[in-house]
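Start from the sequences and build out the full structure, keeping to the hints where you can.
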Amino acid sequence: MSKLTWRRGGHTAPVAKPEPVERGASKAEMLGRLRDALADNRPPRAEVDRSYRRERDAGTDLVGRFAERVADYRARVLRADSSDLVETAAALLREAGVRRLVVPPGERLAWLAATGVELVYDDPPLTVTQLDAAEGVATECAVAVAETGTIVLDGGPDQGRRALSLLPDYHLCVVRAEQLVGTVPEAVARLDPYRPQTWISGPSATSDIELDRVEGVHGPRRLHVLLLA
Amino acid sequence: MTSVQPYPRAVEPRPPEPTFLGMPPFPEAARTALSDAQLRANLRKATHTIRARRQAVVDELPDWERLRAAGAAIKDDVLAHLPRYLEQLEASVTAAGGTVHWARDADEANAIVVDIVRAHGVDEVVKIKSMATQEIDLNNALGRAGIAAWETDLAEMIVQLGHDLPSHLLVPAIHKNRREIRDVFVAEMGRVGRPAPAGLTERPADLAEAARLHLREKFLSAKVAISGGNFAVAETGTVCVVESEGNGRMCLTLPDVLVTVLGIEKLVPRWEDLEVFLQLLPRSSTGERMNPYTSMWTGVTDGDGPRHFHLVLLDNGRSDVLADPVGRQALRCIRCSACLNVCPVYERVGGHAYGSVYPGPIGAILTPQLRGLNQHDVDAQTASLPYASTLCGACFEACPVLIDIPQILTRQRAQLTDLGRGPAHHAEKAAMRAVDWAFGQPWRLGLAQHAASFSRHVVGRKGRIGKVPRLLGGPLGRWTAARDAPAPPSESFRSWHKRTAGGLEEP
Ligand code: SF4
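Those protein sequences? They're chains B and S, same order as listed. Position 227 (the first sequence) corresponds to 227 in the working numbering; numbering is contiguous. Position 85 (the second sequence) corresponds to 85 in the working numbering; numbering is contiguous.
Simulated from the structure, these hints should not be mistaken for laboratory data. Don't take each hint at face value.
[What the hints assert, rightly or not] Covered by chain B, according to a simulated footprint, are these stretches of chain S (three or more residues, beta-carbon under 8 Å):
hint, region
1, 101-109
2, 198-211
3, 274-282
4, 318-332
[As the list claims (entries may be wrong)] Cβ-to-Cβ under 7 Å is the rule here; a few derived chain S residues that face chain B:
hint, residue
5, A70
6, P83
7, L154
8, A155
9, R178
10, T238
11, N247
12, R249
13, P269
14, W271
15, T294
16, S295
17, T298
18, V300
[Said to hold, decoys possible] Derived EDC-like pairs: lysine to aspartate or glutamate, alpha-carbon spacing no greater than 16 Å straight-line:
hint, chain 1, residue 1, chain 2, residue 2
19, S, K223, S, D115
20, B, K27, S, D105
21, S, K45, B, E210
22, B, K27, S, E90
Ideal placement from N, C-alpha and C gives every residue a C-beta, glycine not left out.
Now the structure itself:
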């Protein structure tokens, strides 16, 4: 700490030692102020009316809706069943031009080797530089939301840690029928808040330039979804 | 594939970043903006695009009105029991391995963050766009402590590289078009790291690629990240960040240390409450069914993400807002920016005219409350904000948490009248006239048409004031004079207000 000095804007004076922060005092004062603010005119107790739709409408074609909504984000989505799973995955990977694929530790995605790509297991954990240089990554997901075309990763064994699906430029996500739900409330109900979550809706994008949507900034620029249903 | 290349971290010392301190009152700033044809064209195009998109995805949900009502009720519940929920949040974050800090004002929050960064022995941090850290002017506080803070959100980076000020909650560089953005990248990227690729075009995809390359090295080497938060769940300690580009995920996942600065109104009581806000927010803000990335974490997780997590709970005037039974609605705000995008005044004058990190209708009601409107020495800039509106009500109709913005504006006008600062006062009258002017009598702008535009001429390349046009006397002259001074001290609005007698005496 002592070696830190001003080094910007031509200043040379040493950094003044900050006042010790009296944590307890700040907390007590903040809570006191808030209690005072509420003392005379506390808002009437508001019941939260949860009559909004918590479940999908009966008769929704979950698989069809999900595929359509994912495609709306300009992500690629293909359906497969157990008979043409490997073939379909191979087609997607060929299209992406990916020959080496990072996968989470464990055997859940070992079947991808049959597509002819080389699998690189995150075990022992790859460095960020290795991940950054990787062509692509494959994961499964915890939940997928049909109405919004969202996949949710929660660090489960078929998904791995968060950096895995972030640094490589290509992400292949395998979604199984039993992971599909209709609405956001159904997804929230299924998920465990104590697990780190990433909700992914299409490839990385920005609208910061004239509010024009551009796919691909920092996250994977291509997202392929393989829908096993 | 991107490879990490060793570019100089900071080729030359960074000048202090511009702040809104000492901005002229709304009418002057609005007139300057109105005279800038490029700015008006940029804004018009952007706001109209987003309005249509928002409407389409809102209309798609049959239960939109019920979601809005639920969102408002959840936030009212939070506000009514804020002390209890804050203590609950502290307990659950602590139980999950995080550390919670309480900050009464901007100075205290900045000191806490600086201490944490120093304790980890680093002199640069990566940042996710956050209104709370802009509000407390954290970047300049870090700068004074010798710590470089790199904004990683594309628009925020455009603002930072261009030594500019944000003008929109969500798209802070909305006032810049693609050509202007390209010019900023070409001129500035090389000064702070990897230069813009040779022959960079103004295609948005190429500009995004330039940002990706420029920031990669910073993400991969950063030890400390600083974020805001969209929501924090009291019962579980879960913090939620909603974003688009993936820069948020980089900051939240790769560094060893994560510091999140959170306004105390960002709480929700229960995990299931997120099911409401994760529908309201993306549809209202970017007009998407869902934003590309939402991250949620609870404390720290072994082998995944940062090993140290600090949560700084920020008051900075919010407890005063809470005391006002009408005005407190503003604390429901989830910063979606729908009210800006539908506002006819914002569309014409842009964000800078509001003189605060919170622009548009929400800024017009929140800024005066955070600064304290019930004071006789309220400064002219703050006092002008409640008049920066036609009271057309479009903001209320769009607001996903039913904040009655016109009601609050009307109340604030009455409060000013009670202080003898009502529309009889010349500054407030001028604000109302500026709003009238905004609706199509540009020939009445007179002198202002010759004035340099705020964003491209007044603030020079190095964050210093270029030539101040001679025609700009009065408040804008004072404002530029203030900005030419060396780094203004970081301070809360309240202490700034006291020190400068409400901006009437410049420091
Ligand atoms: S006031 Fe309402 S519409 Fe405006 S930013 Fe806040 S939540 Fe969105």
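Looking at the structure, which of the earlier hints fail to hold?
13, 18
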